[in-house]
Structures are given as C-alpha cells and as structure tokens.
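Chemist: Spelled out from the first residue to the last, the chains are:
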Amino acid sequence: MVCQSIKLLLKNKSFIMICMLLIFANGIFQYKTTMDDVFDKNVYKETISWLTDEAQPLDSLSVYRREILEDPNNLRFLPHLYQEIMLTSELSSYADGVLNYEAKVEQLINDTRARAMFFKTEEKGAKETTSTYQRLLSSDQRPTLGNYFAFGRWVKLGFTDGVLCILLLAAATFLIIQERERGMYTLIKTMKLGRTRYFLQKAATLVLVGILASIVLYLSSLVVLIAMLGTGPWSVAVQSVPGHMLNPFPVTILGYATMFLIFKIASCIIMTLFITFLCFLPLKAPAIYLTYGISMGVSVILYYKIYPGSTYVLLKHINLISLMDTAEITNKLYYVSVFGKQYSLQGIMLTFAGLFFAILTVAGMIAYLTYKKTYSAAMGKKKTRLYGFNGFTNEATRLLLHQKGLLIIAAFIMIIVFANDFTVHKNDLDTYYKNAVDHLNALDIDEAEKWIEKRQEELERLEGEIISLGVLLQEGQITEDAYQQATITISQQLYYRSVVTELEEQSVHIRDMKESKGIACAYLYKALL
Amino acid sequence: MNTTIFALFSVSLLAPIFSFDRQYKMERILGATSRGNKYLLKTRFRILLPLQALMYIAMQVIWYSSLSYRYGIKNISGNIQSLPIFKDFPIVIDMRVMLILQLLTGILLVWLFCTFIFSISIKNSDVIQSLLIGTIACVCPFILAFVNFDLAKMFWLGPFLAPSLLFYKFTWPVILNMVVMTSFIVLFAHKAVKDYTSAQV
Amino acid sequence: MTLKVENINKTYYRRRRLHKLRSGKEMSSPIKKALDSVSFSLESGIYALMGPNGAGKTTLINIMVGNLKPDTGLVSYKGQDIFKMGAEYRKLIGYMPQHQWMYENMTVMQFLYYIATLKDIKKGPGGKERIEQVLDLVNLTQETNKKIGALSGGMKQRLLIAQAILNDPDILILDEPTAGVDPNERIRIKNLISRISFNKIVVIATHVVPDVEYISKEIILLKEGAMIHKDSQDHLTKMLEGKVFECHVPVDKLHEFEKSHNIVSMVKEKDIVKARIISDYQELDFDVKELVPSLEDVYLYNYRSSIRLD
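Protein chains in written order, with the numbering used here: chain A, 1 to 529; chain B, 1 to 201; chain C, 1 to 310.
These aren't lab readings, by the way, just hints derived from the structure by calculation.
Since we're looking at a predicted model, the values are computed, not measured.
Heads up, a few of these hints could be off.
[To be verified] Rough simulated footprint, nothing fancy, chain A against chain C, three-plus residues with beta-carbon under 8 Å:
1. 110 to 116
2. 260 to 271
[What the hints assert, rightly or not] The calculated label-pair distances, taken between Cβ atoms and stated as ranges, are:
3. B:49 / A:429: 39 to 45 Å
4. B:49 / A:178: 29 to 35 Å
5. B:178 / A:429: 31 to 37 Å
The beta carbon of each residue, even a glycine, is placed where N, CA and C say it ideally should be.
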C-alpha cells in the first residue's frame, strides 16, 4: 500500500513539477552563494594544491603575504590585494589548525580545566570534554591539509533544509490534505480495520518520501559544491575539514558524512511526523499551512535570536530548526546550563528528538482516530448585502472575500514593508556612502573632487602602512600576532575603497555633464535605480 | 526583490480565478448563463487590472519611502543625466518625470504580465498547476540571471518584472525581447480567451 | 418552439491528436466516440434522455447547453444555430449539472444573486422577488443564510434546480436531478419538475427509470453514443408486448436459468423462484405468464446484451 501511494504521488504532475523546481532552485542557490563567497571557483583547488606541495605551508603563506604586500601586482589567485589578503588569512588559520592540531587540542583541554576551576558549574562539561579529546589525541586520528571547503559548506546548508520543509509540505498536501478535503476519510472511518492501517500507511509514505527527498537534495547540493570547489580524499580524519577541527568524533570524512546524513534523515522523519500530525487536526487546509508557517517562523526566531548565554538558551535548542541543524550538534562538544546544571547539547537534542518523535506519533494517531469533519457550517449572518445584481461588485466580493483576495493583498503589503529596510543605516558602507554624499552635495565640484582626492591619498597611505608592517615583520621588529592584528584593522578601513571609487566615477561623470550639457547635477544615490 | 514578491502575489491572486471554476466544474453552470462567458471574463479583467495597478503603486510607494529613510532621496528635480547610468539617455527630463514614466510603464507591463497569468489560469483546470506554472514564470528570470544564460535572456519575462531595465538598457536585444514576449503574451491570451468563449476549453 | 439536434457527432481524442483533426486528417485511434449521428427534434414537454453510464448523455447535454461544440452537426433553436445565437440562446436555457459542485463558501442567497446577475436578471424588486419565488418553489426559504457547504445532498440538488429555473427558461436541461437523494426528495423533485414544465422544453437525463415514468412525453434512448429510440412511453412499452414473462423456476434449475435469460427481478417462494424475464421467445420449459411491460423492462431490454435466441 505504501508503494501504491508513492506511485500515485509520482504520477501527480503538479507534485513532480514542485519537486523539480525545488531541486533546481536549491542547486542554483548553492551555486550562486558559493560564487558570491569565494570569488573564483578554482581558488581553493589551486591554493590547497600549492600548500600541500610546500614543505612548510605556514611559512610559505607568510612569505607569500609579504611578497604581495611589497608588490601588489604579483597576485596569484584573486584579482584584488584585499581579497588575496583575506584568502591568505583564511588559509593561514586553517593550516595552523591542521598542522598544530595537537597543540590546539591540548590548549583547549587546559582552558576547559581552568574555566572549570573558576566556574564550578562547568565541572561536568569540563570533565567530559577533557576525556573525549584525550581519547581523540591518544588515537591515530590526525587531520591533514586538503581541499575540504566544499564539504565544510555542505554541512551548513540552511537553504536546503528550508527547501526540504517545503517539499514535505507539498507531499503532505497531495497525499493527505487533498484526500481529506475530498471526503475520503468519511469512507475510511467506516472501516474499523482500515483506520489505523491507513494512518500508518500515510505516515510511512510521507516518511519514505521525506527520506528520499533528503537524500536527493543533500546529495545534489554536495555534487554542485564538489563540482565547483573540488575535494580531497574522504578517507582522512573529519578534523581536516575547515570549521571541524574540534569535532569530537574519531571518524573519517566519509564516516562523518554518513553520520550527518543519518542525523538529517532522522530529523526529517520527525518533521514528517509533525506535518502528518498537523494534517490530521480538524483544520481546513489554509489553516494547516498557516500553522505550519507559524511553527517554522517561531522556531527560526527562537533559534537565531536567543544567544548562548541567555536564560532561555534551552528554547534555542529544542525547536524544529535546531533539530535540522545537525552540524551544530555534531561538530563540537557543547554544554548547556539548565537550572544551574550542565547538560551536553547532544544529549539534550537526542532526548528532545526522541520525546518529540514519541509525542507526535501518539498525537498524530489520536488526531486521526478522533478526526471529525472540519467545521464548515455556519449560518451566514446577513451576508446577503454583499451580493446584488451588479456583476462587478459580485465578482469583486467573491475575489476579495471568498477567494481570500484581501488576505493575499494584506500579506503582500506586510511582506513588502518588512522586505524593505526602513532602518536609517543598513551597514557601515551605507553609512559611509550617505555621509559622503551629504557632504559632497554641499560642496561645489572642484571642492568635491579635492575631497575625494584626499580620501584616495589616505587609502593609498594605509596600503603603504601594510607594506611597512610587512617589512617590520620580516625584520623581526614585530610579532606575527601584532602584524595580523594591525593588518586586519587597516584592511577594515580599506573596505571603504569601493565607495570612494564610485564617488570618483560620479565626479568624473558630473564634470562631463556640466561641460557637455551644462545641466545642474548633483551626486545621487544609486538607490534611485 | 520587490518585483519578484509582487509577481508571486500576482500569481497567487490571479492564477486560481478561472482554474478554480474549472477544477470544481462551476464553469458548466457559468457557461450556461447568458453572461457567463465574455461578460464574466471582461468583468474579472476590469476588477483585476486596476487592483494590480494599485498594488504596484503601493509597492513603489513603500519602496520609495524605505529609500528616503535609508538615504534620503534628494534633488529629484535634477536632470536624469545626473545619474551615470542614464548619461546617454536621449531626452533631457528631470527625475520626477522619469519616476512617473517608470511607474506608468511599470503598470502597463504589469498588466501584460497579469494577462499572461490570467491566460494560464484559463487554460489550466487545476489550481495548483496554475500556481506552479505562474511561479515558474516569475522565478525564471531570477534563475536565468544567476546562470548567465545569455541566449535565454534574449527572451525572458525580466523586463515585465523590472520595468526600469527598459530605460537604462534600451539596446536592441531588450527591444527585441519586449516585442517577442509581448507578441507571445498577446497571442497566448487571445487563444485562451477564444477557447474559453467558444466552448472548447 | 423547437429545439433541433441534427446529426451530432463528437469524439474525444488525446490532446496532441486534436491538432491533426483540425487540419482535417482522420484519426486512426480516438479514445472514445461519445456521440454518433444523433438527431432528434423537441417541442414543449418533458423528455427523458436515458442510457447507462457512458452512453453519451452528459456529452449531448453539454452540447445542447452550449458548453461543448460538436465535431459535426447542428443544434438549432427556432431555426437558428445555438452557437451563433450565443448569449441570446443562453438567456433562454436553464441547466442543472450532474454534480453538486458550487461555491461552498457562499450562502444560498448569495449564490442565487450571483447566478441571477450572470443570467442578466435586472436589479429591482422584480429580481429579488423572483429569487424569493424560486426559493419558495424549491422549499429552501429557511436555508437562505446557510452556507452551501453545510447543506445536505437533497438541499444542494434543490438549489441546483433553483439556479436553473431562476430566469424562467424556455429550455430546461437537468442532468440526473435525483442523483443521491432519498425517495421523499425524489418524489418532491419529480413533482416540482412537472409543475414548472408547462410550456417549456424540459430534458431530463437520467438512468433512474421511476424519475421519468409517467411524466415524460417522450423517451430518448442512447446507447454507446447512438440514439436507438425516441418515442412515447406507451409506444416503447407496446414494442415489448409479448416479450415480458413471469416464469416459475425450480430452485435447482435457477443457476442455469440465470445464465441464459434476461432476468428483471426474482422472488423466492418455497421451492420455486418467480422470475420476471424479458425474452424474444416464450419460454416453454417452465410455468409462464405473460406480463404487461413497464418502462424499466424497456430500459433493460435495450441495454442488456444477453438475450436468449432459439
């Protein structure tokens, strides 16, 4: 019967179209965000390939950084100095973590013990952390340098989780909600033997669809990422992956990937049961979708807005979104304080997942067995006035009231208002741009150009500072740490270069306009476009 | 982003209009009345087009308001050539006129887009399919822009969702695209309406 | 007033083959020939359009209503092609579809106002009165503010009839008006139809014989898209004279008897089964009594494939 349901679902053209659209959108999103983040899709392949050939990768990185500071035209991987510096910093940090792994872990153990001596409530966590990492150190498991940036991105795919949730809802619509709306349950409920079996069949079908969807979505994302960024061998320790150095599991990357997929499937099963439970509540279809949307919305808010040190930190970790964020619970040891006692996050999540699973299964069954037709009666109270002999008003009434047009319009207005940023300053670049434009509009063109020239001189001076610092580092007059700190601070100021360049282009344009067309011009925000 | 949200809401409002009647077989009762064909079609058009125009204007007003909070829109009486992107615009007009022109063009294009969604609704007898096809039509320009599929971008619904493109990218591929897509939409709508009114739906 | 159906043909094809048909090429394997050269003429009175499921009743009705165009043939009213008349023809018809699909969120009154507007019933006291009159006729006055989704099956059928007669049509077409209703409701609907049918052409498509027995002027029988008979009930039953019998069959011979005879009904009495059969030839092996044929016998005779021939 489960196979029959799946066959029926796969024959449904609308469902297939939804699946194809979602899988395609997921792939496109992964592609686009990766391109935005890494600038060049071959960069990690090339840099890691170069680093693994070097005898002393960290030293080679330092040398290379000094070279590019002295001669910014000699960049190997990316077109701009600033981007190259950020890349080398990222690689430095990654290589340092891998090559000095033992020292880092021992440092972590010592820091944890020290904290526990000071904060008595953290004793339990400290003890368990220490023993876990000591076991890891005593094993043969050591990270190796490799191109695992694709894998690192893969385990943090929030968008794919969202796509999966939508796909599950679509499957539930076609499998359960549509049948329910057509009155199928009235028939099923007359068969005593059919009820429970029908519920289990529907739940099982949805779970199977969820599992298949998870596998397809995550594997397709992985394929896209590997095709773009490449990958090294997966038989090495999972601690070789950027961001996973403190992963407590003594497994290979392949082992971790399997574990990750299993956890994802488990969380998908729980989501599926949640949706099944919702579908069997005595609500109409739009109410079910709304409830689902609200549940997900609340979970998002709880997960992203509650900070780790907050009193309500437990709520951060026991909601639908936290269940889906498998990487968070598997790539490090994390302890949560609940009423003065420490509990491991993994333990909390497993307990929550288990409880949720049990509650949903039972609740879903109860909802199903006590299912009553949704309340659709209602005597209309003087609704006659809304309709008359005018076709225009009748159609308008039907569209706005009975086809929920007003609701759609209200939702649209709300979303447009919230999608547009009404805060005065969006980010530092915006702030700088706005202030600069305000200032320049008060000056005449010659003074404005002088101001811009002055800004450019300042930026060039700052770039010179970086070179000087590099020389000082080479001469041993400053430490590596001091150099890193100073470089980062100066790079943050160089961040505004794009604004200054744009304003310079605008001044050239304004001067051209004044000379060629003699029209009154002013600096204007690009936003008007 | 605003135009994509607008397009998706247009789809959610328009796509079910005729599909709902067909899916629930109401079109049999409606088709048997004297005003259930052309009159009903015209009336629905007469309601939805002004509604869409109003929604579009509301969206633009909200957007401009948010911009004026973030940046402060100033010197709107300046000439359009003040913006580098319009430096080669052939006509010297001020920004207010440009904004109004963009708004009016936007409304016309939105009406064309709505006609397209309307036609999809007429041709489909399943509400979910109509919604899906409409959503794909909205999302396609987005996806094409991502993948830089230049040939496909020659014929896409992008300008209908972002009319300002027509003003600062007034090149022959854009004009060709507009002509082709407008002709396609008009022909498709004509066919859909003809089938609807001549009992072949 | 005459409604003429002349040589109507309608075949359903797969979508892609439809394009070939428009270019004039013959199709080699259509899905179904729904109507095959159907022709008849209707004057005022009640006509029953009968046939089993898939006979073509709904297709024919959709063509007569103007919802579907035939492949070939003509439907004319007072000499004019109904497709050319368009809205003018639709002003004169009232149609009740087979299924109870309506806007469930609307109340009864709202729905009737909505349909009244589409039927070009003008604003004013006359319009409102007409709606109230129709509600009274179908006995739904107490349910005017109830949502359609909350109505029972019988009430929905009555509402469908109400919307059909709202514009006092010259031609009333009802597709299975008593489907899914209880016997009381069925009688009520049947009497209502008789009452409103004065000086109208009323076509009732049904396969429930008692619905149209005694009230219809003529019965049109459709079989696999073709019209096999169009005649009054009396003539049709006369055709079956000498073919309807009551046989007394011993129980042990019943099984064999069933295989070779068209049995309409059976009643068991001790060791004998009284079977009402339709047969072209008088059965000589058992006790036989000739019976007066009924409309149901006519229906079964025309739509049962196995008839014993000696």
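Chemist: Each hint should be assessed against the structure and marked as holding or not.
Modeler: Do the hints match the structure? See the list:
| no. | hint | in the structure |
| --- | --- | --- |
| 1 | 110 to 116 | holds (count 4) |
| 2 | 260 to 271 | violated (count 0) |
| 3 | B:49 / A:429: 39 to 45 Å | 40 Å, holds |
| 4 | B:49 / A:178: 29 to 35 Å | 32 Å, holds |
| 5 | B:178 / A:429: 31 to 37 Å | 34 Å, holds |
Hint 2 alone, counting from the list given before, is not met by this structure.
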